[in-house]
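Colleague: First to last, the protein sequences are chains U and B. For the first sequence, counting from 1, position 18 maps to 18 in our numbering; every step adds exactly one. For the second sequence, counting from 1, position 84 maps to 199 in our numbering; every step adds exactly one.
Honestly, the hints are just simulated from the structure, not real lab data. Note that the structure is predicted; figures quoted are calculated from it, not measured. Positions of the beta carbon are idealized from the N, C-alpha and C atoms, including for glycine. One or more hints might be untrue.
[What the hints assert, rightly or not] Facing chain U, according to a computed beta carbon distance under 10 Å, are these residues of chain B, among others:
#, residue
1, T132
2, Q156
3, T163
4, P186
5, Q219
6, P223
[To be verified] Here are the in silico distance ranges between beta carbons for each label pair:
#, chain 1, residue 1, chain 2, residue 2, range
7, B, G131, U, I112, 28 to 34 Å
8, B, K122, U, V83, 31 to 37 Å
9, U, S110, B, S124, 37 to 43 Å
10, U, N30, B, G131, 45 to 51 Å
11, B, Q166, U, D54, 47 to 53 Å
12, U, S80, B, Q166, 42 to 48 Å
13, B, F190, U, K77, 35 to 41 Å
14, U, Y39, B, P123, 35 to 41 Å
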Amino acid sequence: AQSVAQPEDQVNVAEGNPLTVKCTYSVSGNPYLFWYVQYPNRGLQFLLKYITGDNLVKGSYGFEAEFNKSQTSFHLKKPSALVSDSALYFCAVSASSGGSYIPTFGRGTSLIVHP
Amino acid sequence: SAVISQKPSRDICQRGTSLTIQCQVDSQVTMMFWYRQQPGQSLTLIATANQGSEATYESGFVIDKFPISRPNLTFSTLTVSNMSPEDSSIYLCSVGLAGGYNEQFFGPGTRLTVL
């Protein structure tokens, strides 16, 4: 079975500072990895994904994520946080083979950016 | 990408009644998913609804309680039957292309409160 762990319920960062939201995964075969963001009272929005190729993936709103196969991690990063980045962030994994093509979502991490 | 609308956006219902949630997509899509989400928490997949076949339910969810229709490639409904307060949640519709490497697109959600 595939799974995703987001070890932090909440991440606090000051505006202008770099941010990291952590995600580790477990899957049979090669993973497909996703980050989604959910702003208050809204549905989830796709941010970025890793399928294959370059381990550093760039996405919407200045976010990027680095795929690390040896550590089975896919941490979300941004060099300079904005107050408007405050939201709930979900990591998800699906499998290319040997697992489910339907993504499994992590429990979510609440990002709070302080002015 | 796909634009998804859901109706109603919110409702307050009495226990023992049923509510049907509609999901409309602006393009034809193969896969549609129904999720449940407690505010600020992770997503729980209820079922996958592919056009032309019966919905596939996840463990803990049954067709009698959550009947799903998928009459065409742009529309689906989820009914929450014989509701109890435990059914109070946000219900999300999402769509995706075939293949685990494709991201999902989510509707804005239906916030259901059962009294």
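Colleague: Which constraints among the numbered hints does this structure fail? Numbers only, ascending.
Modeller: 1, 4, 7, 9, 11 and 14
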